[in-house]
Structures are given as structure tokens and as C-alpha cells.
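Chemist: Single-letter residue listing:
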Amino acid sequence: MASVLDLRRRIRSVKSTRQITKAMKMVSAARLRRAQARAMAARPYAQMITSVLTSLIRRTEVIDPATGNLRHPLFMARPEKKILLIVVSGDRGFAGAFNGNILKAAYQFLGANEDKEFDLEAIGRKATDQFRRRYPAAVRIEQTAENPADLEPMTISRRERKAAIEVVGDHVGMLEKLNAENVFELAKDVIARFVHEEIDACYLVYNEFKSVIQQRVVVERLLPLFEIGNQQVTGAIEPTREEREAAAEAAISAGISLKAEDTVEADTEAKKFGTAEVDYIYDEPAEELLNGLLPKYVASMLFHALAESVAAEHAARMTAMDSATNNASDMIDSYTLQMNRLRQAAITKEIIEIVSGAAAV
Amino acid sequence: MAEASKIRVRLVTPEKVLVDDTADAVELPATSGYMEVLYGHAPLMAELGAGDVTFHGLDGTEVTRYNVSWGFVEVLPDRVTILANDALIPSAIDVPRAKEQREHGEVLWSQAGDSEEKYTEAEHVINEADAKLASAGSKA
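Sequences listed follow chains A and W, in order. Here the first sequence is numbered in the numbering used here, starting from 1 and rising by one per residue. Here the second sequence is numbered in the numbering used here, starting from 1001 and rising by one per residue.
Bound conformation, chain W alone (with noise of 0.2 angstroms):
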């Protein structure tokens, strides 16, 4: 594949830049879906939700994964630059403890009474702990 096709793409969290480095293709779980870029998009902003970020041809590998669970991101036509709060490769996550974050959820979700807030704040917890486990899940 010509290289001119290849987007620069940037995967960087609060302690380090992850990934530096370029791909055919990034797969991104913005919060109104996932959303595929490739070579030439146009330019874009989006905030990120609890999902998996998917490289496709990153560093001769054909699939890497990493699960965010907030994220901001920018597109330019020859780069994708992304922000994420934490990013886990699916084999890191801790299966266990995202179960129990997503009990803990469920219990703030009943005990959130009228305030819409703290809904809010419950759904982002499930959110969050049904992606790991979705990702999770998938690898094995």
C-alpha cells in the first residue's frame, strides 16, 4: 500500500503518548458512534465515549486495540490526534474489578433519586464498565 494513503495517527493519555506512529485506519467510539477515519477525512473534533479505539495496519500489525473511556479527539486530513483519559489494551483490564464497577453503577443508578446529575454520573460509570467488559470479552 502506497505510504501516501497512511494517516499519521497520536494516542495520548495524562502520563504518556501511547501511540506515535501511522496507520491505514482508526476506528473511534465518539459519543454519538463509532466512527471510521481514514487517509483525507475531513477535519473534525469529537468528544469520545467508553469504547474501543481500533488501529487497522499499525506498525505492520493489522489490528491494535485500546480501550478508552473518555476521550477527545481531532482530525485533520493527514493525521488523527487522540486525547484519552486512560487507554487499556484489552488484555490489560481487569475483568473482576469492572464487574464490580458496573454493580457499583447499578447501585448509584437506584440510589440517584431526582438528581439528574448523579444519573448522569451512573450512566457514565455502566458506560464505562460495559465497554471494558465488552472489550474485554471480545479478545478472548
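Pulled out of the complex, with its shape left as it was, chain A reads as follows (with noise of 0.2 angstroms):
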């Protein structure tokens, strides 16, 4: 049995944990709201990309009659054999389930094509580690060859493949510092990949956030493009009632809106871009201009996603530590009304002591 000084001690250590976590959760809705402002702000840009795109396509003359798709590299479906994973995690623990759901995700949809080579590309901490532990990193070997062409030597770099699951690369620092120039760069590098057939599919597996309450993890598939404005999903792991519920009181209690905020009047403001009825002049040929854009479709989603994730991770770490703090003021509770017992049997038994003893006299 615990004396009145050890629980002394214990209420005192549970509060300065639930000061700390209170603190944390202050700071991550801090965090989320500036998240949440910047997805915002990302949405103009993306939306009409993508409605240029629509209004493009259906004014140009390159749709493949069988598919009634664009006869663009982007748009090649094949037979999917290597697949391109890009796994958005958190930097960060201390956020729930958030980063166990982003991998158990990843591994359903692992587990799910087992028959088929996978190139992971980790964004964030949590993955990048997971990652590194489990699967081999791609191996690239660098070869001097003569060039055919005028027989000077020029290296060639190749991918040797050990394993079905390789790691081809990881990016710690992105999430920390989300700015459109890295994330366009990525998004290069992985078009780059596609149309040189080193990869047959990209499919990205993050937290989509609407609202607080509105959030699930998604697997999505980036490429090859199918149609314009429309996400491919291929799965998703919905937050249980539960969850849900534990976000929505966190989020009220940190002062933050539940609804996903109002953007129908930005929306509809973008979605005129580039779709007015009208006959424009194009500078170039409508082949040209897709060349440009669709490129900045495909990058401007992969931002869309990791501005989204971005904002789930604190919202994610929000509701972990609202619960915290919660659990630590029911435990505070629960060790005050012991002690308050201890103590006052301690002086009932003092008093009959007292009352015994004298009338022992």
C-alpha cells in the first residue's frame, strides 16, 4: 500500500506530464492551423491546372479512340509490373496511430501485389526509418561505355536488382520545409522515371484531410494519369467512430473549426481558368502546352497530398495529446481521492488511538 507521500509524488509527476502535453497539443493546433492555411492557399493553383487541362483536352485532336484518352506518355497504361510507392509518413512520433496507419496501408498494398517489383520512395522520418530497416536500398552501378554515336566514353547508370522490395529514396527534411520547388523537382523525377519505363505505375499511400473530422488514409494512384480531376483510389483505411469522435473534442477544445472551410466561391472562381467559351488564340500547339502542364498536374497533386498530410500529422498529434492530458487529469483525480483516504483513515486511527488510550486511564 502506497503512502500518502508516494502518492504525493505520483499526483505530482502525472501533472507536469499533463502540463506538457497540454503544451504539446497547444502547439500542434498552432501548427495545424497554419497547415490548414497553406493547403488552403495551395488550392487555387491546383484546381485550375486541372481545369485548363479538362477544357484543353476536350478541344485537341490527340484522344486515342480506344481508350478516349490523350494520346500522351503520361496517359500510357501498361501492364504493371514495377511499381513506384511513395509513402507519406510524419517526421514525427507522439502522433497516435497517425504513422502506424500510413504504413499499415503500405504494407496491405504490398502484401496485396506480391507478384510485382516495388520501388519505395519514403517522404518523412517515420517511413524513411521503417523503411531502411526492412528492405534493401536500390543499388545503382555506374559503367563506362563507348558511345555509339561518336565513340567517346560516356557513363551509363544502371539499377541492379537484388530484391522484389528496394528502397530507392527518402526525403527527411521535406515535410518540415514544404515548398513547391522540392516537391516539383520530385514530382519530375518520378514523370521522368515513368516515361522511361523504369517504372509502370506510381502510387502514393497518405493521410487525406478534409476537415478534422473529415480525414482517411488513402492509396492513390499518380500515374499512369486516367482522367483529369478525378483521384484513383484503390484504398482506404477510414478513422473508426471512435476516432473521430476523440478528434472532433480535441479540435473544439483547441478552438478549431470542424467543417472543412467554405472554398465554393474559390473554387468556382478557378474553375473558369482556361474554360471560358470562347475560341483562344494558342501561342503553341495545344500539344505543346499539355507538355507543360500535365507534368504540373501531376506535381501540383503531389503537393495537394503532402500539404494534406502535413496537416493530418498535427491534427493527428492534436487529438493524441488532448487525450493525454485528459487520461493524466483522470489519473490526477483517481490519486487525490486515495490519498485524501489514506489520510483520513491515518487520523481516524490516530484519534482512536487518543480516545482508547485516554479511556484506557
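Hints listed in this document are in silico derivations from the structure and should not be mistaken for laboratory results. None of the values given here were measured: they were computed from a predicted structure. Even for Gly, the Cβ is constructed at its ideal location relative to N, Cα and C. One or more of the hints may lead you astray.
Unchecked claim - Taking lysine to any residue and the SDA-like style, the derived pairs with C-alpha atoms no more than 25 angstroms apart in a straight line are:
#1 271(A) <-> 1010(W)
#2 188(A) <-> 1121(W)
#3 22(A) <-> 246(A)
What the hints assert, rightly or not - Label-pair distances were calculated between CB atoms; the ranges are:
#4 287(A) <-> 1008(W): 25 to 31 angstroms
#5 248(A) <-> 1038(W): 47 to 53 angstroms
#6 1038(W) <-> 59(A): 24 to 30 angstroms
#7 1097(W) <-> 129(A): 28 to 34 angstroms
#8 1038(W) <-> 79(A): 50 to 56 angstroms
#9 1097(W) <-> 79(A): 41 to 47 angstroms
#10 73(A) <-> 1036(W): 54 to 60 angstroms
#11 333(A) <-> 1008(W): 56 to 62 angstroms
#12 1056(W) <-> 19(A): 52 to 58 angstroms
#13 1107(W) <-> 235(A): 39 to 45 angstroms
#14 240(A) <-> 1033(W): 55 to 61 angstroms
Combine the two chains into a complex, taking the hints into account.
Modeler: Structure below.
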């Protein structure tokens, strides 16, 4: 049986833990607000690219009659043998099931496609650490060969695959300082790999975030493109009802609105981009415009996914810290009760001793 | 000047909407050369190369310039919308870094071998750096 002193120590330690979790919650709430604002600011661009592409595609004659799609390398669907999987996790822990869910979705996807070869690209420290431990890194071999055109020596870098699942790259600091330049660089790289047939498809695992109560982990196909403006979600893990309620509670106590922000006005405005019912003068052939626009479309999808994932990470941490704070409060209450009971018992005991001592005299 | 002759201009980057206002005229660095757009221009779509987007008469200021690296523009008689990868005001350009980028571009150029793609890539890098240097220099 713990003494009053022990209990008092316990309560003091839980109290300081509660202070820390509470501070972490407030910090996450502030970061979430910022991340949400950033995700919102990124919407017009994504929306405009989407609408100008849809309108351009309607007007051009590069459609493949067999599929009704564009005849463009990025639309080329081929049997998916080599798949690039981009996993977007968080940089830090203490975020409840956030990282766990994302990795679970990734492993499920890998497990469901065991007959295929995978390249893994990890964004965020948590996914990077896990994958580095579990899977070997991809090896590139540099070779010098004679260029058949001018007989000059040139270096060829060749990929040597040893395992079915290999890690090709990681981007640890990308989420912390999310800027368009880095993401566009990555997208360019991915597109080049796809066009050179190093990969047949590119999938993205990330936490979608519309609002605190509207979020889920999705597996989305990034390449080949299929229909502009439509997400190609192939799998999703929805949060349970309890998780959603906990998130809602945390958001309310931190003063964050539950509803997805009202974007209708901005969206309709952005949708007008490039879609006016007039005959545009095209400064260059539509195909060239498409060549410029499609990669940006892919990049903006990727950027959007990252921005949402960052917001989701902060939301998850906020929720986790909110329940930790609540748990700490409950614990303090129960220890206080226990301590008071003990103290009272001791006092009663002493009084009985005095009274019975006096009676014995 | 009458309000009617002003066009609505917007400059949108992946990160945010930079400009949403009215202006008298806009100069754009289209891939085929600079062009100026005034109120009542015919509908047009074009890709922008590396260069300066210049707004005239934006928000009371005389000239406002942004350096863009890649962009896409839609022109309608009463409004101009520019999608740019990245837009910088000339004073924000990191000159040493742009110089470095130029050197890097030249290295890429010399190593490109006979791959057409690599040449295009190198050319892009060089053009971007040149545009940045030019717009940083003309401000000073």
C-alpha cells in the first residue's frame, strides 16, 4: 500500500506530464491552423491546372479512340510490373496511430501485390526509418561504355535489382519545410522514371485531410493518369467512430473549426480558368501546351497530398495529446481521492488511539 | 484613367495566390517572346518561359515585377490569369545562388552527350538562371 507521501509524489509527476501534453496539444493546434491555411492557399493552383487541362483536352485532337483518353506518354497504361510507391508519413511520433495507419496501408498494398516489383520512396522520417530497416536500398552501378555515336566514353548508370522490394529514396526534411520547388523536383524525377519505363505505375500512400473529422488514409494512383480531375483511389482506411469523436473533441477544445473550410467561391472562380466558351488563340500547338501542363498537374497533385498530410499529422498529434491530457487529469483525480482516503484513515486511526488511550487511564 | 480600361490580373503559384488585383497592362515572357496585354485582348493561352512578368499600374504602383521560371497564362478580354511555378520579386533573388545555378547548367550542358533531353534540361537551367540574374541586375 502506497503511503500519502508516495501518492503525493505520483500526483506531482503526473501533473507535470499533463502540463507537457497540454503544451504539445496547443502547439499542434497552432501548427494545424497554419498547415490548413497553407493547404487552402495551394488549392487555386491545383484547381486551375485541372480545369485548364480538362478544357484543353476537350478541344484537342490527340485523343486515342480506343480508350477515349489522351495520346500522351503520361496516359500510357501498361501492365503494372514495376511499381513506385511513395509513402508520406510524419517526421515525428507522439501522433497517435497516424504513422502506424499509413505504414499499415502501405504494407497492405505491398502484401496484396506480392508478384510485382516495388520501388519505395519514403517521405517523412518515420517511413524512412521503417523501410530502411526492412528493405534493402536500391543499387545503381555506374559503368563506362563507348558511345556508339561518336565513340566517346560515357557513363551509364544501371539499376541492379536484388530484391522484389527496394528503397530508392527518402526525403526526410521535405515535410518540415514544405515548398513547391522541392516537390516539383521530385515530381519531375518520378515522371522521368515513368516515361523511361523504369516504372509502370506510381502509387501514393498518404493521409487525406479535408477537415479534422473528414480524413482517411488513402492509396492513390498518381501515374499513369487516367481522368484529369478525378482521384484514382484504390484503397482507403477510414477512421473509426471513436477516433473521429476524439478528434472532434480535441479540435473543439483547441478552438479549431470542424467543418472543411468554405471553398466554393474560390473553387468556382478557379474552375473558370481556361474554360471560357471562346476560341482561344493558342500561342503554340495544344500538344506542346499539354507537355508543359501535365507534369505540373502531377506535381500539384503531389504537393496537395503532402500539404494535406502535414495538416493531418498535426491534427493527429493534437488529438493524441488531448486524450493524453484527459487521461492525466483522470489519473490525478483518482490518486487525489486515494490520497485523501489514506490521510483520513490515518487521522481516524490516531484519534481512536488517543480516545482508547484516554479511556484506558 | 477610366476603370473600364483596367484588366483584372491574378498571379497564382502552387503555394498561394500572389496577386489578385487590377492593372493597366501586363507584360508576359511567353516562350515565343515577350508580349504585352491590355484591356480587350483576344482570348489567348500560352506557356511562359523564364523571365519577368511586369504589371503596370497595379494597385497604384507604377511598375511591379515578378520573376517567374515557368508559367502558363490565360488571357481573356477583361482578365489575365498567370499560373507560375515560382514567382519572386527581383529583390528577393539570391544572386550567388543564381550564379551557381548558371554554372551548374553549363556543367550539365557540357555533360549532356548526345541526349536531346539532357540538352533541353540544361538549357532550362541556364535560361532560368539568366532570367533571374537579369531581373536582379536591372533592379539595382
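Chemist: Look at each hint and say if it fits the structure.
Modeler: Hint-by-hint comparison with the structure:
1. 271(A) <-> 1010(W): OK: residue 271(A) and residue 1010(W) at ~14 angstroms, within 25 angstroms.
2. 188(A) <-> 1121(W): 11 angstroms, holds
3. 22(A) <-> 246(A): Roughly 15 angstroms between the alpha carbons, so the hint for residue 22(A) and residue 246(A) holds.
4. 287(A) <-> 1008(W): 25 to 31 angstroms: Holds - the Cβ-Cβ distance for residue 287(A) and residue 1008(W), about 29 angstroms, lies within 25 to 31 angstroms.
5. 248(A) <-> 1038(W): 47 to 53 angstroms: 52 angstroms, holds
6. 1038(W) <-> 59(A): 24 to 30 angstroms: 26 angstroms, holds
7. 1097(W) <-> 129(A): 28 to 34 angstroms: Cβ of residue 1097(W) to Cβ of residue 129(A): about 31 angstroms, so the range 28 to 34 angstroms holds.
8. 1038(W) <-> 79(A): 50 to 56 angstroms: 53 angstroms, holds
9. 1097(W) <-> 79(A): 41 to 47 angstroms: Since residue 1097(W) and residue 79(A) have Cβ atoms about 43 angstroms apart, the given range 41 to 47 angstroms holds.
10. 73(A) <-> 1036(W): 54 to 60 angstroms: 35 angstroms, violated
11. 333(A) <-> 1008(W): 56 to 62 angstroms: At roughly 60 angstroms between Cβ atoms, residue 1008(W) and residue 333(A) fall inside 56 to 62 angstroms, so the hint holds.
12. 1056(W) <-> 19(A): 52 to 58 angstroms: Holds - the Cβ-Cβ distance for residue 1056(W) and residue 19(A), about 56 angstroms, lies within 52 to 58 angstroms.
13. 1107(W) <-> 235(A): 39 to 45 angstroms: 43 angstroms, holds
14. 240(A) <-> 1033(W): 55 to 61 angstroms: At 58 angstroms between Cβs, range holds.
The structure fails hint 10 only (numbered hints given earlier).
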